[in-house]
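Protein chains: 2
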Amino acid sequence: MGTKLVPVMDSVCRECMQVGWGARGGENMTEELGLFEAIYTQRALRYISPAPIPDALVRKVLDAGIRAPNGGNQQRWRFIVIKDPETKRWIQERYRTTDRPAHAPPRNQAETATMARNDAAANYLAEHLHEVPVLILCCLQHDGSPSDIHRGASIYPAVQNMLLAARGLGLASVLTTRPRRGFEREIKEQLGIPENVDTAALLPLGYPVAGKRYGPTNRRPVEEVTFDEKWGRGWEART
Amino acid sequence: MGTKLVPVMDSVCRECMQVGWGARGGENMTEELGLFEAIYTQRALRYISPAPIPDALVRKVLDAGIRAPNGGNQQRWRFIVIKDPETKRWIQERYRTTDRPAHAPPRNQAETATMARNDAAANYLAEHLHEVPVLILCCLQHDGSPSDIHRGASIYPAVQNMLLAARGLGLASVLTTRPRRGFEREIKEQLGIPENVDTAALLPLGYPVAGKRYGPTNRRPVEEVTFDEKWGRGWEART
Chain A
1 MGTKLVPVMD SVCRECMQVG WGARGGENMT EELGLFEAIY TQRALRYISP
51 APIPDALVRK VLDAGIRAPN GGNQQRWRFI VIKDPETKRW IQERYRTTDR
101 PAHAPPRNQA ETATMARNDA AANYLAEHLH EVPVLILCCL QHDGSPSDIH
151 RGASIYPAVQ NMLLAARGLG LASVLTTRPR RGFEREIKEQ LGIPENVDTA
201 ALLPLGYPVA GKRYGPTNRR PVEEVTFDEK WGRGWEART
Chain B
1 MGTKLVPVMD SVCRECMQVG WGARGGENMT EELGLFEAIY TQRALRYISP
51 APIPDALVRK VLDAGIRAPN GGNQQRWRFI VIKDPETKRW IQERYRTTDR
101 PAHAPPRNQA ETATMARNDA AANYLAEHLH EVPVLILCCL QHDGSPSDIH
151 RGASIYPAVQ NMLLAARGLG LASVLTTRPR RGFEREIKEQ LGIPENVDTA
201 ALLPLGYPVA GKRYGPTNRR PVEEVTFDEK WGRGWEART
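Residue numbers (this note's numbering), protein chains in the order written: chain A, 1 to 239; chain B, 1 to 239.
Pulled out of the complex, with its shape left as it was, chain A reads as follows (with noise of 0.2 Å):
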């Protein structure tokens, strides 16, 4: 049996632009992030440094991606790399001005500390969307058929995982979907996008600010959010 190589946790070389790669719990190699871990660490991350990150990196988060399920294995997604700076300035001068979704008031005081940081950042990603090294917008091809919250199945689930992935490489993201809801229209004749295509998110890509980092997530937790065979009955682990 061979050795097994596995992505190896901040160990992108900035200068040679290649991912590392090592055997898993090798003396000296960093050990690939843990599922779990990475799903309980993975919030968004709003703050991302104008440097340039490798393609490498780009092509990784995309092989992830399209791993995911999607509706009959169609694979109807594609995937725009925006690094052009007049499209990025054109696609921020938008987003900024594409209202947010309506909130429900914070519950108690960390719901209400973690609004106002998660707007503070909202804001900042808003102001610098132009200077992110790299954006790339998912899309999804239909039959032009209306548009239903089921025919994202086929396409967050990818975008998750390269959220995820994203989050292993040391990258930050965040999941946005402001130009399907403020400017579809403009951005699909911009970028040639068809007519039977909905654009569903729109992910910057880029190293972290310094000091910025990826951490628990605040959510409540399963017992307020299951339900025990019909709507409305409280659900717990009882076996």
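To be clear, the hints were calculated from the coordinates, so they are not data collected in a lab. Incorrect hints may appear among the rest.
Copies of the same chain are indistinguishable here, so a pair counts whether it falls within one copy or spans any two.
[To be verified] Heads up, simulated DSS-like pairs for lysine-lysine below, C-alpha to C-alpha not over 30 Å straight-line:
#: 1; residue 1: 88; residue 2: 188
#: 2; residue 1: 88; residue 2: 230
#: 3; residue 1: 88; residue 2: 212
#: 4; residue 1: 230; residue 2: 188
Given chain A, work out where chain B should sit, using these hints.
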């Protein structure tokens, strides 16, 4: 610093119903599955044993789901855990008569083989859905506006986390959208689901049937589905 505990693969005790956790890399412990290994091998597993699974595992899957990104951290997801034999049978009777989405013809022999395998597996699951120990109906509360693909950004990342967690815990599952596509109104009435809620996915969950396991997915490479700056212009990693 205390010892860091992580879920240990294949260490669930089916007698005492506890998920195994252990020190990473401990002498007698199986290592936690790596993030990229999970992503690269999380394919649909539709051959699911009727053997019961502990709630502790169901909770672990849900607990991965709620870490996912979602619009404004509003956490409008709700999950219904279904084990009741009559409800499962009721769902199966409607699930099996709901069409799969239309497929484009396969492009080569490998795709033909994959499609035939998937069709057989999908038919198997449709005939045996009521025997699967747990069904999780993943729902999303909304504001009453028309459904749209971007609404999926607040539920399918959670669904993907759940599928990756299942893969990490050695459980079989698959993303299905048949309730939404085939019997949304009926299932909402059956389970008492309020008006402003979309069902987004139904995840069957159980141990894999003997001999069925996770493995690599069959996908077109990144370069076939990625564009450079504009739709239709080929992209490849250059740096």
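Results of checking the hints against the structure:
1. 88 / 188: within (14 Å within a copy, 43 Å between copies)
2. 88 / 230: Cα proximity of residue 88 and residue 230: across copies only (12 Å, versus 47 Å in one copy).
3. 88 / 212: within (23 Å within a copy, 46 Å between copies)
4. 230 / 188: Between copies only: 10 Å across, 42 Å inside.
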